[in-house]
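Asks: Build out the structure end to end from the sequences listed, making use of the hints.
Number of protein chains: 4
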Amino acid sequence: MAPLSEDEVASRLVDLPGWAVVDGRLHREVRFRDFPEAFAFMAQVAMAAEKLDHHPDWSNSWNRVVIDVVSHDQGGLTSRCFELAAAVNRILGP
Amino acid sequence: MAPLSEDEVASRLVDLPGWAVVDGRLHREVRFRDFPEAFAFMAQVAMAAEKLDHHPDWSNSWNRVVIDVVSHDQGGLTSRCFELAAAVNRILGP
Amino acid sequence: MAPLSEDEVASRLVDLPGWAVVDGRLHREVRFRDFPEAFAFMAQVAMAAEKLDHHPDWSNSWNRVVIDVVSHDQGGLTSRCFELAAAVNRILGP
Amino acid sequence: MAPLSEDEVASRLVDLPGWAVVDGRLHREVRFRDFPEAFAFMAQVAMAAEKLDHHPDWSNSWNRVVIDVVSHDQGGLTSRCFELAAAVNRILGP
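Protein chains in written order, with our numbering: chain A, 1 to 94; chain B, 101 to 194; chain C, 201 to 294; chain D, 301 to 394.
It should be emphasised that the hints constitute simulated quantities derived from the structure, not laboratory data.
Errors might be hidden in some of the hints.
To be verified - In silico contact screen, one side only, chain B against chain D (beta carbon under 8 Å); selected entries:
id: 1; residue: Ala146
id: 2; residue: Glu150
id: 3; residue: Lys151
Stated by the list, open to error - Interface residues of chain D toward chain A, partial, derived using beta-carbon atoms under 7 Å:
id: 4; residue: Phe332
id: 5; residue: Phe339
id: 6; residue: Ala346
id: 7; residue: Asp353
id: 8; residue: His355
id: 9; residue: Ser359
id: 10; residue: Trp362
id: 11; residue: Asn363
As the list claims (entries may be wrong) - Between beta-carbon pairs, the in silico distance windows are:
id: 12; chain 1: A; residue 1: Pro17; chain 2: C; residue 2: Pro294; range: 45 to 53 Å
id: 13; chain 1: D; residue 1: Val366; chain 2: C; residue 2: Gln274; range: 38 to 46 Å
id: 14; chain 1: D; residue 1: Asp353; chain 2: B; residue 2: Val121; range: 24 to 32 Å
Computed from a predicted structure; not experimentally measured.
Cβ coordinates follow ideal geometry from the N, Cα and C atoms, glycine included.
Replies: Set out below in structure tokens:
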């Protein structure tokens with residue numbers, strides 16, 4: 001799975017509200033009511049990541065979760081990065 | 101912590117929408133969109149249970165979670181059962 | 201995916217220590233040190249189940265987890281049931 | 301709960317294998333077999349953190365978890381930081 005071109009990335013980002021490309025990675029930050037709600041979100045993302053076999057680089061501090069997605073082995077963004085980001089948005093809901 | 105009287109149980113149930121007393125235990129069944137959403141809910145309940153040091157007897161099948169709460173060591177319902185049930189309701193939201 | 205024959209089930213059970221067929225379902229019970237350890241195990245099983253798109257009927261009470269696996273839509277045991285049971289055994293380790 | 305003195309921190313660190321003070325925070329990095337094992341560990345830490353009402357700043361990348369602990373509101377390390385770090389070590393086992 002080759003990295004996407006800059007044009008492809010720009011085009012796909014349009015359909016991915018909340019995400020930006022930062023340092024070559026898909027990046028989104030989310031805040032929740034409290035820690036348990038943040039961690040429950042992380043549990044859902046963990047299941048989606050395991051299902052897609054594509055895992056985020058992410059961090060958590062209390063009610064805040066920061067997610068970065070990149071295909072380390074491809075050295076860039078691939079369609080699987082966008083699949084994971086779209087799954088995150090589905091979990092977060094409208 | 102002594103078990104609550106039948107009157108106390110009845111009185112507290114009024115403030116606990118969604119719960120009933122079944123076989124001497126607080127009982128609630130909840131359905132979610134899918135398995136990951138159900139399990140994320142369970143993760144939040146797990147944190148609440150661990151914090152209260154009072155744990156449910158519960159089961160899950162796909163998008164369905166069935167929760168029973170009783171104080172095994174007291175042989176009845178105590179205020180901690182109602183605290184856990186109220187925490188579950190807070191997690192589920194309005 | 202058709203249900204496995206009784207012979208196939210018997211043959212596959214040989215390689216599945218800890219599991220038995222109870223009421224037509226693969227059945228295993230596991231005990232842990234405490235609730236958090238039991239729930240961490242459940243989180244791993246949840247990820248495996250979501251990855252296999254095959255989910256258990258399971259219950260938890262404090263440090264105890266009871267797992268039943270069947271293909272509801274096939275009305276019997278299929279190879280996916282055995283895949284999930286094998287994944288559970290890999291999680292539990294040797 | 302006031303921050304601990306440098307001497308107190310140094311003294312408590314002796315009983316906390318795997319942890320160091322980095323940038324004024326208790327710091328430990330752990331690697332697991334794979335992502336699900338790493339996330340199951342995180343689920344256990346999440347329950348311990350919620351029970352102690354003291355939460356880590358942490359990140360995960362595949363099988364790797366990096367944990368930092370500090371009392372943000374005290375601007376330093378307190379005994380609760382050491383309680384959380386000790387709970388992490390109990391989860392990791394001997």
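Asks: Compare the structure with each hint and give your call.
Replies: Evaluated hints:
The restraint placing B:Ala146 at the interface with chain D holds, with a minimum CB-CB distance near 6 Å, inside the 8 Å limit. Interface restraint check for B:Glu150: the shortest CB-CB distance to chain D comes to about 4 Å, inside 8 Å, so the restraint holds. Hint status for B:Lys151 relative to chain D: holds, with the closest Cβ pair at about 5 Å, below 8 Å. The interface hint given for D:Phe332 is broken, as the beta carbon of that residue sits about 12 Å from the closest beta carbon of chain A, more than 7 Å.
Satisfaction of the interface hint for D:Phe339 is found here, the shortest Cβ-Cβ separation to chain A being roughly 5 Å, below the 7 Å cut-off. At a threshold of 7 Å, the smallest CB-CB gap from D:Ala346 to chain A is about 5 Å, leaving the interface hint in force. Residue-level restraint check for D:Asp353 is violated (minimum Cβ-Cβ distance to chain A is 9 Å; threshold 7 Å). Against a cut-off of 7 Å between C-beta atoms, the interface hint on D:His355 holds, since the closest Cβ of chain A lies about 5 Å away.
With a cut of 7 Å, the hint placing D:Ser359 at the interface with chain A holds, because the nearest CB-to-CB distance is about 4 Å. Below 7 Å, beta-carbon pairs count as interface contacts, and D:Trp362 has one with chain A at about 5 Å; its hint therefore holds. About 9 Å separates the beta-carbon of D:Asn363 from the nearest beta-carbon of chain A, more than 7 Å, and the hint is not met. Between A:Pro17 and C:Pro294, the C-beta spacing of about 46 Å keeps the proposed range 45 to 53 Å intact.
Between D:Val366 and C:Gln274 the beta carbon distance is about 44 Å. The supplied range of 38 to 46 Å therefore holds. Checked against the hint of 24 to 32 Å, the C-beta distance between D:Asp353 and B:Val121 comes to roughly 31 Å, which is consistent with it.
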